[in-house]
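J.: Listed here are the chains, written in short residue letters.
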Amino acid sequence: MMELDAATLRSLVRHDRVHRSLYRDPDIFALEMKRIFHRGWVYVGHDSLVPSPGDFVTTRIGVMPVILVRDDEGEVRVIFNSCSHRGAIVCSEAKGNTKLFRCGYHGWTFKTNGDLDAVAMPRGYGPSFDLCDPALGMGRVPRVRAYRGFVFASLAADGPDLDTHLGPARDSIDEVVDRAPAGEIDLSGGVHKYLFRGNWKLQIENIVDMYHVPFSHESTISRSGRQFGRRPGEEASSAISDRGSAAARWEERVAWGSPSTGHSYAGHQPIAENLPDDPTFRTYLAALEARHGAARARDILQPKRHNTAFYPNMALQALNQHVRVVVPVAVDRTEVHVYPVQLKGAPDAMNRGFIRHLNITHSAASLIQTDDLENFRRCQVGVDAESSEWVWFARGVESDVEDNHGDYRNHGTVELQQRAQYAAWLRLMSEGA
Amino acid sequence: MHSAAVALGDRGRVEDFLIREVRLLDERRFEEWRDLFDEDGYYWVPLRPDQTDPDSEASLFYDDRPMMATRFERLRHPRIHAQTPPHRTCHLIGNVTIDAVDGERSECLVSSSMIMADYRVGVKRVFAGRVRHRLRWDGERFRIAWKRVDLIDCDDVFELIAVPF
Chain A
166 MMELDAATLR
176 SLVRHDRVHR
186 SLYRDPDIFA
196 LEMKRIFHRG
206 WVYVGHDSLV
216 PSPGDFVTTR
226 IGVMPVILVR
236 DDEGEVRVIF
246 NSCSHRGAIV
256 CSEAKGNTKL
266 FRCGYHGWTF
276 KTNGDLDAVA
286 MPRGYGPSFD
296 LCDPALGMGR
306 VPRVRAYRGF
316 VFASLAADGP
326 DLDTHLGPAR
336 DSIDEVVDRA
346 PAGEIDLSGG
356 VHKYLFRGNW
366 KLQIENIVDM
376 YHVPFSHEST
386 ISRSGRQFGR
396 RPGEEASSAI
406 SDRGSAAARW
416 EERVAWGSPS
426 TGHSYAGHQP
436 IAENLPDDPT
446 FRTYLAALEA
456 RHGAARARDI
466 LQPKRHNTAF
476 YPNMALQALN
486 QHVRVVVPVA
496 VDRTEVHVYP
506 VQLKGAPDAM
516 NRGFIRHLNI
526 THSAASLIQT
536 DDLENFRRCQ
546 VGVDAESSEW
556 VWFARGVESD
566 VEDNHGDYRN
576 HGTVELQQRA
586 QYAAWLRLMS
596 EGA
Chain B
3 MHSAAVALGD
13 RGRVEDFLIR
23 EVRLLDERRF
33 EEWRDLFDED
43 GYYWVPLRPD
53 QTDPDSEASL
63 FYDDRPMMAT
73 RFERLRHPRI
83 HAQTPPHRTC
93 HLIGNVTIDA
103 VDGERSECLV
113 SSSMIMADYR
123 VGVKRVFAGR
133 VRHRLRWDGE
143 RFRIAWKRVD
153 LIDCDDVFEL
163 IAVPF
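If you're matching them up, the sequences are chains A and B in order. Residue numbers for the first sequence follow this note's numbering, beginning at 166 and rising by one. Residue numbers for the second sequence follow this note's numbering, beginning at 3 and rising by one.
Think of the hints as simulated: they come from the structure by calculation, not from any bench. The reader is advised that the hints may include incorrect statements.
To be verified - Now the in silico label distances, taken between C-beta atoms and shown as ranges:
hint, chain 1, residue 1, chain 2, residue 2, range
1, A, A311, B, D140, 52 to 62 Å
2, B, S58, A, A455, 16 to 26 Å
3, A, A253, B, S58, 52 to 62 Å
4, B, D140, A, A253, 51 to 61 Å
5, B, R78, A, E551, 31 to 41 Å
6, B, S58, A, P325, 30 to 40 Å
7, B, L94, A, A172, 54 to 64 Å
8, A, D326, B, K126, 41 to 51 Å
Said to hold, decoys possible - Just so you have them, the derived chain A footprint on chain B, three or more residues with Cβ under 8 Å:
hint, region
9, 63 to 69
10, 152 to 162
In this text, a Cβ means the ideal position worked out from N, Cα and C, and glycines have one as well.
This is chain A alone, in the form it adopts within the complex (with noise of 0.2 Å):
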């Protein structure tokens, strides 16, 4: 077993490369538990899936089960899905409304603010048992941030607050929900959960990847070099490849990542697309200028991040609107869930059409996700050869620019953003070795 001090993480982690071990080693793989998602800020939902007091979903941090739920008071919290009695798993129920969680094992009952409520046949304790003692409540993570809707969590007391943890990248956040004439954003739509046999980094790389498009995604596109129509009554969507390469329009995107938090974008293509002019987007447009104004209504629809990944565990996709949610489970074995984004105030055939269209391109039988997911399985395996130590994040090294506040910028397909994900991880891994 290799010793993960500093100088072990260093050796593995350089600036235009990583060590295959990164795959494929369950104790990194713990490591990366304990010091990336059970430290540090992570997305554990949206406020829309929990809407009144008493609704909660269950989910996982790193690999730690918790609920988000909306307590008595209203307020959002998040809360360890154990019983503090053996341990069981208090719900398990995916989501749903109560007013105390109860446990199946002994019957003890907790308040929705994670609190014990009541200990059953409490006269079988004596006076060294105190049921009274705040420990024996579920649990809460110790901080729960919202920004906009989207939940984060850290389970460390202290460290950045989410606002200097978000950064730039809080922006793209605004991108999507301005979009919303309510100035809100509805992820209750149902959810795509898919598993591959791979590692969890394979895919939060993937989300931010330009290059991979015109290759993993070849057989949805023409001979043409256009993607298949992803719109009703669409003959093509955008062009994707010319001859074997990224169409050129692809190289002017902007390439941002910040190698201290591990956020990255992509940004979109430079030209304006030109704006549908159906009833249903007219309709849409006029809720929209009626909140904004004319001008601020057209620059909303101005699109300008592709996607944009939240290290670890989050990506926001402003194209095919979802939320992407990465669910480690092992260091081969990775859940994602997909959650398409529906913008309240806007007409109900335009919601409908976002969650129609996702299902093209993010369900688990879908036509785009699928060939990623396959690629993430051939790498899980490939890694597995020795003929090299290392996997490669090399494209456009020698043009990343260093901004001001020391984030990397770059244009168009480089592997820029991949570049700033290992930098964050190195530092984050190295905290406390």
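We have chain A already, so just place chain B on it with the hints.
T.: Positioned in the frame of chain A, the structure of chain B alone reads:
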């Protein structure tokens, strides 16, 4: 008796149609499978038990005929990684009942149970669920007005899926 009424109430004939339908999928004759659907026909696999609406909630499949055409064109692409190598499938249809007959519209509502095993790169899976068809008799043959498949594990995680159920 009118031929439509005969066909719509003939459980043996309906069952034979369903068996032949899924055999087209096992033989990867996807375009012929699509042609069984009427012009306004659709194929729906919900992601939640008792899901009532394919429009307001995400679905595993929700294809009209044009979408099926795009889907199957991709399945024929030489560089479709998700099907290199392809899934092999075996569908089994049983417990077929005709639940309602609408003579006016020459339609019937059919329930069946479905099991599909698939295999690809060392992974064998079994899918099972209840299937409902709305079939139309056009005077010569059945057309599918809609087909809905409720998998027993519809709200679970899935590894990649390529072939309809």
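J.: List in ascending order the numbers of the hints, as given earlier, that are violated by the structure.
T.: When the structure is compared with the hints, only number 3 turns out to be violated.
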